[in-house]
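Visitor: Using the hints, position chain L against chain B.
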Amino acid sequence: MLGMKKQRVSGEVPVASTADIAFLLLIFFLTSTNFPKDNGLAVVLPESSETVEVSQKNILHLVIQASGIVEVKWGESPQAQRMRADRIEGLWRQEVAANPDLIAAVETHPDAPYRYMIDVLDALHAANAERISLQVLEM
Amino acid sequence: MGTKGGFEKKSKAAADIPGSSLADIAFLLLIFFMVSTAFPRDRDRPITWAEAEAAKKIDEKQKNILNLWMQRDGTIYINDQRYEIDQVSNVVAPLYAQSNQGLVVSIRGDRETPYRLMDQLQTELVSAGVVRVVFATRLEQRMQRERR
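Just so you know, the protein sequences line up as chains B and L, in that order. So in this note's numbering the end of the first sequence lands on 143, straight run, no missing numbers. So in this note's numbering the end of the second sequence lands on 152, straight run, no missing numbers.
Just chain B, same shape as in the assembly (with noise of 0.2 Å):
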């Protein structure tokens, strides 16, 4: 008909662009990616020859019952209190509030589950202790 435009588009999808598109995506997907790390808790342990004389003074012992409770003696009293793992950050905090050289001797069952040390070791990692030595309790 007359005065009617033909039309001009081009029936093709452009792709010029699609290299841009694969390197953004490599780009992205390079610096978004990455590989999950292990979260644990991080202990030192000594060395077969390292042997240290600590004072009685400095040592709050932690031991870990069969059942899980923990028994909590400083130095050499003979006096233990009973308490749940869970309850051993706060100690812990106060206790090293007075005395900054405390160590924390983490006494273990040898028929306690693994669990429940790791729950001790928790508690003191929460509590930022860096001093702590882990010890199979002697039957």
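Simulated from the structure, these hints should not be mistaken for laboratory data. Backbone N, C-alpha and C define an ideal beta-carbon position, used for all residues, glycine too. Certain hints may be false.
As the list claims (entries may be wrong) - Derived DSS-like pairs: lysine-lysine, alpha-carbon spacing no greater than 27 Å straight-line:
#1 B:Lys-41 to L:Lys-60
#2 B:Lys-41 to L:Lys-67
#3 L:Lys-65 to B:Lys-41
#4 B:Lys-41 to L:Lys-61
#5 B:Lys-61 to B:Lys-41
Said to hold, decoys possible - Label-pair restraints from in silico Cβ distances:
#6 B:Pro-50 to L:Ile-35: 45 to 55 Å
#7 B:Phe-33 to L:Ser-131: 36 to 46 Å
#8 B:Pro-40 to L:Glu-116: 17 to 27 Å
#9 B:Asp-105 to L:Leu-34: 52 to 62 Å
#10 B:Ser-14 to L:Lys-16: 17 to 27 Å
#11 B:Asn-103 to L:Asp-90: 31 to 41 Å
#12 L:Ala-19 to B:Ser-36: 33 to 43 Å
#13 L:Met-38 to B:Gln-98: 52 to 62 Å
Guide: This is chain L only, laid out in the frame that chain B set:
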């Protein structure tokens, strides 16, 4: 003005480098690296994880971390190989030497393992010279802890 000979041909080659295949090359590279990349990882063992709230990310390069799995019965797995506890020192010592004393052992123990075995394991690690140890745990949420 110069005159052109009647038999001289005009060069019709384009001066541009063709860029239309760039996308294909990028995708091919992408697919090649996706398929060929293999991360050296040992297989997970079926353990019940211990949980801790204060657990932190292990601050060490992945290549310096040695995963040591300990099952409830005291069986040890290092790099998918099964060992008994008393073999650990002999297995870990050469790996420790290879890593220039930078090795960190991540102990992935079952939460119900008797502590006696865990203590034996620590003694073995110390005799291999390894002193940096991480007790790997899952993160515990405070809500979970309160419910317990």
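Visitor: If a hint holds in the structure, say so; if it does not, say that too.
Guide: We went through each hint and held it up to the structure:
1. B:Lys-41 to L:Lys-60: 10 Å, holds
2. B:Lys-41 to L:Lys-67: 12 Å, holds
3. L:Lys-65 to B:Lys-41: Since the Cα atoms of Lys-65 of chain L and Lys-41 of chain B sit roughly 10 Å apart, the hinted pair holds (cutoff 27 Å).
4. B:Lys-41 to L:Lys-61: 6 Å, holds
5. B:Lys-61 to B:Lys-41: 39 Å, violated
6. B:Pro-50 to L:Ile-35: 45 to 55 Å: Given range 45 to 55 Å: holds, Cβ gap about 51 Å.
7. B:Phe-33 to L:Ser-131: 36 to 46 Å: For Phe-33 of chain B and Ser-131 of chain L the Cβ distance comes to about 44 Å; the hint holds.
8. B:Pro-40 to L:Glu-116: 17 to 27 Å: 24 Å, holds
9. B:Asp-105 to L:Leu-34: 52 to 62 Å: Cβ of Asp-105 of chain B to Cβ of Leu-34 of chain L: about 58 Å, so the range 52 to 62 Å holds.
10. B:Ser-14 to L:Lys-16: 17 to 27 Å: The hint (17 to 27 Å, Cβ to Cβ) holds, given that Ser-14 of chain B and Lys-16 of chain L are roughly 25 Å apart.
11. B:Asn-103 to L:Asp-90: 31 to 41 Å: For Asp-90 of chain L against Asn-103 of chain B, whose Cβ atoms are near 39 Å apart, the range 31 to 41 Å holds.
12. L:Ala-19 to B:Ser-36: 33 to 43 Å: Since the Cβ atoms of Ala-19 of chain L and Ser-36 of chain B sit about 39 Å apart, the hinted range of 33 to 43 Å holds.
13. L:Met-38 to B:Gln-98: 52 to 62 Å: 54 Å, holds
Consistency note: the structure conflicts with earlier hint 5 alone.
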